[in-house]
Amino acid sequence: MSTTQPKTLYEKVWSEHLVVNETDDAPAILYIDLHLIHEVTTPQAFSLLSERGLPVRRPDLTLATMDHSTPTTPVRTLKDLQIAGKGAAAQVLKMQENCRQFGIDLLDFDNEQRGIVHIIGPELGATQPGKTIVCGDSHTSTHGAFGALAFGIGTTEVAHVLATQCLLQRSARTLLIEFSGELQTGVTAKDVILATIGQIGVDGGIGHVIEYCGTVISAMDMEARMTICNMSIEAGARAGLIAPDDTTFDYLLGRPWSPQDTAWDEAVTRWRQLPTDEGAHFDKSVSVDGKALEPMVTFGTNPGMVVAINDPVPEDGDAAFRKAIEYMQITPGKPLSESRVDVVFIGSCTNSRISDLQQAARIFAGRKVAPGVRALVVPGSQQIKREAEALGLDKIFAEAGVEWRESGCSMCIGMNGDTVPSGKLSVSTSNRNFEGRQGKGARTILASPLTAAASAIEGRVADPRRYL
Amino acid sequence: MKPISKIQSRTVNFANTDIDTDQIIPARFLTTTTREGLGQHLFHDWRYLPDGSSNKDFILNKPDSAGCKILVAGRNFGCGSSREHAPWALQEFGIDAVISSEIADIFRSNSLKNGLLPIVVDEGTLDWLLEHPYTEVTIDVVRSTLTLADGTTVNYPIDNFARYCLVEGIDQLGFLQKRASEIEQFEESRPWTP
Numbered sequence: 000m001s002t003t004q005p006k007t008l009y010e011k012v013w014s015e016h017l018v019v020n021e022t023d024d025a026p027a028i029l030y031i032d033l034h035l036i037h038e039v040t041t042p043q044a045f046s047l048l049s050e051r052g053l054p055v056r057r058p059d060l061t062l063a064t065m066d067h068s069t070p071t072t073p074v075r076t077l078k079d080l081q082i083a084g085k086g087a088a089a090q091v092l093k094m095q096e097n098c099r100q101f102g103i104d105l106l107d108f109d110n111e112q113r114g115i116v117h118i119i120g121p122e123l124g125a126t127q128p129g130k131t132i133v134c135g136d137s138h139t140s141t142h143g144a145f146g147a148l149a150f151g152i153g154t155t156e157v158a159h160v161l162a163t164q165c166l167l168q169r170s171a172r173t174l175l176i177e178f179s180g181e182l183q184t185g186v187t188a189k190d191v192i193l194a195t196i197g198q199i200g201v202d203g204g205i206g207h208v209i210e211y212c213g214t215v216i217s218a219m220d221m222e223a224r225m226t227i228c229n230m231s232i233e234a235g236a237r238a239g240l241i242a243p244d245d246t247t248f249d250y251l252l253g254r255p256w257s258p259q260d261t262a263w264d265e266a267v268t269r270w271r272q273l274p275t276d277e278g279a280h281f282d283k284s285v286s287v288d289g290k291a292l293e294p295m296v297t298f299g300t301n302p303g304m305v306v307a308i309n310d311p312v313p314e315d316g317d318a319a320f321r322k323a324i325e326y327m328q329i330t331p332g333k334p335l336s337e338s339r340v341d342v343v344f345i346g347s348c349t350n351s352r353i354s355d356l357q358q359a360a361r362i363f364a365g366r367k368v369a370p371g372v373r374a375l376v377v378p379g380s381q382q383i384k385r386e387a388e389a390l391g392l393d394k395i396f397a398e399a400g401v402e403w404r405e406s407g408c409s410m411c412i413g414m415n416g417d418t419v420p421s422g423k424l425s426v427s428t429s430n431r432n433f434e435g436r437q438g439k440g441a442r443t444i445l446a447s448p449l450t451a452a453a454s455a456i457e458g459r460v461a462d463p464r465r466y467l
Numbered sequence: 000m001k002p003i004s005k006i007q008s009r010t011v012n013f014a015n016t017d018i019d020t021d022q023i024i025p026a027r028f029l030t031t032t033t034r035e036g037l038g039q040h041l042f043h044d045w046r047y048l049p050d051g052s053s054n055k056d057f058i059l060n061k062p063d064s065a066g067c068k069i070l071v072a073g074r075n076f077g078c079g080s081s082r083e084h085a086p087w088a089l090q091e092f093g094i095d096a097v098i099s100s101e102i103a104d105i106f107r108s109n110s111l112k113n114g115l116l117p118i119v120v121d122e123g124t125l126d127w128l129l130e131h132p133y134t135e136v137t138i139d140v141v142r143s144t145l146t147l148a149d150g151t152t153v154n155y156p157i158d159n160f161a162r163y164c165l166v167e168g169i170d171q172l173g174f175l176q177k178r179a180s181e182i183e184q185f186e187e188s189r190p191w192t193p
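The listed protein sequences correspond, in order, to chains A and B.
Residue 383 in numbering that gives the first Met the number 0 sits at position 384 of the first sequence; the count goes up by one each step and never skips.
Residue 185 in numbering that gives the first Met the number 0 sits at position 186 of the second sequence; the count goes up by one each step and never skips.
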């Protein structure tokens, strides 16, 4: 094979990190440039290191925070912080103890850089093009928006990376998804990715790394690109990637972990070599017409069960469809706009960045949340919280009757005290509408921040375009 | 990891497609710092009624399902979150192998790290198994075959390394540690540093 053979972005990042190449008999040993860790999927990994007396090989390449089991209730001082449940409290203590013992800097409760792990990596500039990034969390695919190869791993693999900074990996197949045209007003990255998962299915990406491209992607800012890559795992893909470009470099310039001065120029020169070469081979490809897309909402119990907001839910389907409809208490053949909403959650690693909050605020400004609806906005990081407050978004939310919280995973994963009560219907900007994901018996409709905010105002699933 | 060469058991069928890890082990049970104690919460919200009593209609609660070590499930089993608590819970409950026509990538990888065997078969074989609940099956891990009581044998695909690790009980962390000098060399010779 000649060295000039055109390569995909994925193949370039993959091959640059091969400590040992794969053979029929053994997987590759892949070097990891950035390991993100949080309190829920690491305690058993640290225990494994302790049992074997192993140190963490590269604490300097390890970024630690707490987000999943931490409370988001507003507090005046840290002393007022109430962690929900003994298990969660023990997990937080264990994280603090492990980081101390193994020499890892932890972005703890008192750290102003703390936030959801997939929000702070990019925010700090730790997420960079061409890096390999892993975390014991499936939404690690978010970081692919920068042209980094980023994927979720299990706890045993967390231990592998802590101890050796490497993983045993097989190379993936490649899937190119091209979005042509441009998006219409009121259609956001969340709608784009929900429509795409609806098209290719929740298993459409199994065994593949997706590269997203096309005019829709080029026109997106980094925050929108992160929303797209974030949900790659909801299509079953190992990772999602977007080629780095000037938008990427502008975002990273001057961030705390970004290269500085001459190192910056060298990095940008290197990053410009990363995009997929003309004529490179993909195992599969899919096209999506950007201008045909509309605001999307899920009706079922996985992210692939999705319709355009004014379209009726299908009349009938397979056993999984019927089970989902029964759980969701939704009428087949009717649009979701009749459905009364109990909770609106704007947050999560999918949609809790400043632009998401600004979109929500645009709809909440001068309006009130419908009676009987609990609406909450949970910023993705303490940095985003401060930024939103500097812009006065917190006041817009307060005047509309929306709760303004501390950062964390919150209602995306009902394990931190923030849950949707059983039987209640939530319109949520998070990434999973699985049964019970937001709390036992909770019914979840996934949507964009615009649709979620409009739904909070109307008290039913609402098309945001009439407010824009 | 304990070496595994053969699994022999009746199958228990769970025909649902896209069974996600939030169903296998709901997130509220992840507030733990150990691997133990998760089996009791396996499929919690399907397995127990709201009052905490056992849901008699749930497949794993049926008397015939007792002792079945092989779970046969619909397409795309284990999708969703990366929680390794899912294979830990299945194993502690007593499941040694999962058979489906598609198994989600991270769940499959996590299962192999723990000696829970994820087996992908073609749609025809899966349909046959789903139509014949509680079938006695022998999984020969060395030969990568499923054999029914009547002698019918099907090969299943598995990565050579994954099979080697299962059969020999290889500890993958130990395997990686043995390559420390190559890892060091990579760090020293790469053209840029993260």
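Just so you know, these hints were derived from the structure itself, not from any lab.
Do not rely on the hints blindly, as some may be mistaken.
What the hints assert, rightly or not - With a Cα cut of at most 30 Å, we get these calculated DSS-like pairs of lysine-lysine:
hint, chain 1, residue 1, chain 2, residue 2
1, A, 423, B, 55
2, A, 322, B, 61
3, B, 177, B, 5
4, B, 1, A, 93
5, B, 61, A, 439
6, A, 439, A, 85
7, B, 68, A, 439
8, A, 78, A, 322
9, A, 322, B, 68
10, A, 423, A, 439
11, B, 68, B, 55
12, B, 55, A, 322
13, A, 423, A, 333
14, B, 177, A, 439
15, A, 394, A, 423
16, A, 11, B, 177
17, A, 333, A, 290
To be verified - Here are a few chain A residues that face chain B, going by a calculated C-beta distance under 7 Å:
hint, residue
18, 18
19, 24
20, 153
21, 154
22, 246
23, 249
Unchecked claim - Distance windows between CB atoms, simulated:
hint, chain 1, residue 1, chain 2, residue 2, range
24, A, 263, B, 154, 51 to 61 Å
25, A, 326, B, 130, 41 to 51 Å
26, B, 54, A, 263, 36 to 46 Å
27, B, 183, A, 253, 27 to 37 Å
28, B, 63, A, 317, 50 to 60 Å
29, B, 63, A, 184, 53 to 63 Å
30, B, 137, A, 77, 39 to 49 Å
31, A, 255, B, 63, 55 to 65 Å
32, B, 122, A, 77, 22 to 32 Å
33, B, 50, A, 330, 56 to 66 Å
34, A, 330, B, 130, 31 to 41 Å
35, B, 183, A, 198, 44 to 54 Å
Owing to the predicted nature of the structure, the values given are computational and were not obtained by experimental measurement.
Backbone N, C-alpha and C fix where the C-beta goes; we use that ideal spot for every residue, glycine too.
Structure-based check of all given hints:
Among the hinted pairs, residue 423 of chain A with residue 55 of chain B is consistent with the structure: their alpha-carbon atoms are about 25 Å apart, no more than 30 Å. For the given pair, residue 322 of chain A sits about 20 Å from residue 61 of chain B by alpha-carbon distance, which is consistent with the 30 Å threshold. Simply put, residue 177 of chain B and residue 5 of chain B have alpha-carbon atoms about 28 Å apart, close enough for the 30 Å limit, and the pair holds. Distance restraint check for residue 1 of chain B and residue 93 of chain A: the Cα-Cα separation of roughly 28 Å lies within the 30 Å cut-off, and the hinted pair is therefore satisfied.
For the proposed pair residue 61 of chain B and residue 439 of chain A, the alpha carbon gap of about 23 Å is at most 30 Å, so the pair holds. Proposed proximity of residue 439 of chain A and residue 85 of chain A is supported: the alpha carbons are some 19 Å apart, at most 30 Å. The suggested pairing of residue 68 of chain B with residue 439 of chain A holds, with an alpha-carbon distance near 28 Å, which does not exceed 30 Å. Annotation: proposed proximity of residue 78 of chain A to residue 322 of chain A is violated, straight-line Cα distance about 45 Å (limit 30 Å).
Between the alpha carbons of residue 322 of chain A and residue 68 of chain B the distance comes to roughly 26 Å, so the proposed pair stays at or under 30 Å and holds. Using a Cα cut-off of 30 Å, the hinted pair residue 423 of chain A and residue 439 of chain A holds, with the two alpha carbons roughly 10 Å apart. At most 30 Å may separate the alpha-carbon atoms for a hinted pair to count; residue 68 of chain B and residue 55 of chain B meet this at roughly 19 Å. Distance hint between residue 55 of chain B and residue 322 of chain A is fulfilled; the C-alpha atoms sit about 18 Å from each other, no more than 30 Å.
For a cut-off of 30 Å, the pair hint linking residue 423 of chain A to residue 333 of chain A stands: about 19 Å separates their Cα positions. About 45 Å separates the Cα atoms of residue 177 of chain B and residue 439 of chain A, which puts this hinted pair outside 30 Å; it is violated. At roughly 27 Å between alpha-carbon atoms, residue 394 of chain A and residue 423 of chain A fall within 30 Å of each other, so this suggested pair holds. Simply put, residue 11 of chain A and residue 177 of chain B have alpha-carbon atoms about 26 Å apart, close enough for the 30 Å limit, and the pair holds.
For the given pair, residue 333 of chain A sits about 24 Å from residue 290 of chain A by alpha-carbon distance, which is consistent with the 30 Å threshold. The beta carbon of residue 18 of chain A comes within 4 Å of a beta carbon in chain B, closer than 7 Å, and the hint placing it at the interface holds. Nearest Cβ of chain B to the Cβ of residue 24 of chain A: about 5 Å, under the 7 Å cut. The hint holds. Look at residue 153 of chain A: its Cβ gets to within about 4 Å of chain B, closer than 7 Å, so that hint holds up.
Interface hint at residue 154 of chain A: satisfied, since its Cβ lies 4 Å from the closest Cβ of chain B, which is below the 7 Å cut-off. For residue 246 of chain A, the shortest C-beta to C-beta distance to chain B is roughly 22 Å, which exceeds 7 Å, and the interface hint is violated. Residue-level restraint check for residue 249 of chain A is violated (minimum Cβ-Cβ distance to chain B is 21 Å; threshold 7 Å). In this structure the hint that residue 263 of chain A and residue 154 of chain B lie 51 to 61 Å apart at CB holds, the actual value being about 54 Å.
A C-beta distance of roughly 25 Å is found between residue 326 of chain A and residue 130 of chain B, which places it outside the suggested range of 41 to 51 Å. Remark: the range hint 36 to 46 Å for residue 54 of chain B to residue 263 of chain A is contradicted by a beta-carbon distance near 59 Å. The given range of 27 to 37 Å is respected by residue 183 of chain B and residue 253 of chain A, whose C-beta atoms sit roughly 33 Å from each other. Restraint check, residue 63 of chain B to residue 317 of chain A: a C-beta distance of roughly 26 Å breaks the suggested window 50 to 60 Å.
A hinted range of 53 to 63 Å for the beta carbons of residue 63 of chain B and residue 184 of chain A is consistent with their spacing of about 57 Å. Between residue 137 of chain B and residue 77 of chain A the CB atoms are about 58 Å apart, so this pair departs from the stated range of 39 to 49 Å. One distance hint, 55 to 65 Å for the beta-carbon pair residue 255 of chain A and residue 63 of chain B, holds here, with the actual separation near 59 Å. Distance hint for residue 122 of chain B and residue 77 of chain A: a CB-CB separation of about 55 Å, inconsistent with the stated range 22 to 32 Å.
Range check, residue 50 of chain B to residue 330 of chain A: about 29 Å between beta-carbon atoms, so the 56 to 66 Å window is missed. Evaluation of the 31 to 41 Å hint for residue 330 of chain A and residue 130 of chain B yields a pass: the beta carbon distance comes to about 32 Å. Judged by the Cβ atoms, the range 44 to 54 Å given for residue 183 of chain B and residue 198 of chain A holds: they are separated by roughly 45 Å.
Violation of the numbered hints given earlier is confined to hints 8, 14, 22, 23, 25, 26, 28, 30, 32, 33; the remaining hints are satisfied by the structure.
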